[in-house]
Amino acid sequence: KAGVTQTPRYLIKTRGQQVTLSCSPISGHRSVSWYQQTPGQGLQFLFEYFSETQRNKGNFPGRFSGRQFSNSRSEMNVSTLELGDSALYLCASSPGLANTGELFFGEGSRLTVL
Amino acid sequence: GENVEQHPSTLSVQEGDSAVIKCTYSDSASNYFPWYKQELGKRPQLIIDIRSNVGEKKDQRIAVTLNKTAKHFSLHITETQPEDSAVYFCAAPANRGGADGLTFGKGTHLIIQP
Numbered sequence: 105k106a107g108v109t110q111t112p113r114y115l116i117k118t119r120g121q122q123v124t125l126s127c128s129p130i131s132g133h134r135s136v137s138w139y140q141q142t143p144g145q146g147l148q149f150l151f152e153y154f155s156e157t158q159r160n161k162g163n164f165p166g167r168f169s170g171r172q173f174s175n176s177r178s179e180m181n182v183s184t185l186e187l188g189d190s191a192l193y194l195c196a197s198s199p200g201l202a203n204t205g206e207l208f209f210g211e212g213s214r215l216t217v218l
Numbered sequence: 015g016e017n018v019e020q021h022p023s024t025l026s027v028q029e030g031d032s033a034v035i036k037c038t039y040s041d042s043a044s045n046y047f048p049w050y051k052q053e054l055g056k057r058p059q060l061i062i063d064i065r066s067n068v069g070e071k072k073d074q075r076i077a078v079t080l081n082k083t084a085k086h087f088s089l090h091i092t093e094t095q096p097e098d099s100a101v102y103f104c105a106a107p108a109n110r111g112g113a114d115g116l117t118f119g120k121g122t123h124l125i126i127q128p
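Residue numbers (my numbering), protein chains in the order written: chain A, 105 to 218; chain B, 15 to 128.
Next up, chain B with everything else stripped away, as it sits in the complex:
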């Protein structure tokens, strides 16, 4: 299968609090899981990614965790700041009749309240 489910679709948090976005995937052979951030009117940009040989990866205030058994991965943003307001997309490889591609979730609109 090639479904990537992302939740929630909208997330509002107070500035300084943490935000967590979760994604599930269906293809157990998937081995690469990126997260993209898209600010209003701009192109999506990679913020962090994880490969299936590790369970967690951190980069300053952002981290990604991967649970291969449960087939889900999550984005964690700590000490949120106004510039974190954006739409975040998770993605996972998919197997389409033997040819892999990259499928994106539908996105999470993160709103940082002052």
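Next comes chain A alone, as it looks inside the complex:
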């Protein structure tokens, strides 16, 4: 069974640009959650999608958005990039809601904003 796949793995952008990250969950998993990981801040929750619906959203500005497709693949978008957006973005999939069982993480997309 293939694991969670995130693309791209690495990317460099400049301030003001926008970026789209992709996450393909494990087959059969209906939930995809996104997290921002920075040194000292741990894993900060961005949002969770379940069956194409955004279930909840963390404390991030509206520049951060996402969506989920009918095949459960998910994308997140960050517009008007700022230096502070540099981070590792992790997605995780699970069969049910994220707060009910094991999350399976991807390897992450490392974003550097210059």
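Worth flagging that the hints you see were computed from the coordinates, not collected in a lab. Each hint can be trusted.
In silico PhoX-like pairs for lysine-lysine, Cα to Cα no more than 25 Å straight-line:
{"no.": "1", "chain 1": "B", "residue 1": "K85", "chain 2": "B", "residue 2": "K120"}
{"no.": "2", "chain 1": "B", "residue 1": "K82", "chain 2": "B", "residue 2": "K72"}
{"no.": "3", "chain 1": "B", "residue 1": "K82", "chain 2": "B", "residue 2": "K36"}
{"no.": "4", "chain 1": "B", "residue 1": "K85", "chain 2": "B", "residue 2": "K72"}
{"no.": "5", "chain 1": "A", "residue 1": "K161", "chain 2": "B", "residue 2": "K85"}
{"no.": "6", "chain 1": "B", "residue 1": "K82", "chain 2": "B", "residue 2": "K51"}
{"no.": "7", "chain 1": "A", "residue 1": "K161", "chain 2": "B", "residue 2": "K120"}
{"no.": "8", "chain 1": "A", "residue 1": "K117", "chain 2": "B", "residue 2": "K56"}
{"no.": "9", "chain 1": "B", "residue 1": "K51", "chain 2": "B", "residue 2": "K120"}
{"no.": "10", "chain 1": "A", "residue 1": "K161", "chain 2": "B", "residue 2": "K51"}
{"no.": "11", "chain 1": "B", "residue 1": "K36", "chain 2": "B", "residue 2": "K71"}
{"no.": "12", "chain 1": "B", "residue 1": "K71", "chain 2": "B", "residue 2": "K120"}
Note that this is a predicted model, so its numbers are computed, not measured.
Let chain A serve as the given structure and place chain B on it in line with the hints.
What follows is chain B alone, placed relative to chain A:
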């Protein structure tokens, strides 16, 4: 509330000794408490979890205890080995305006001294 506090942020122990990491949560309705291990440069992986209907769960050298009254849970690692060196994250469900998600602590960097 959705706060998950984790302590300590760094823990150094001698190989063979025990390590204990503690987390507190604020939402009394929380009922699922996982622990994730993230080795350097790798994705977080679930190592153990506990549900609110039990007070303790063991899996070989690791155990988790839960005190619902005090709203805290702890990870215990006995007979520590070099491969236990990693960052450990606790997590708990959170209620955000009626929609639950999963909030992570900021992590504990466990260092096993030879």
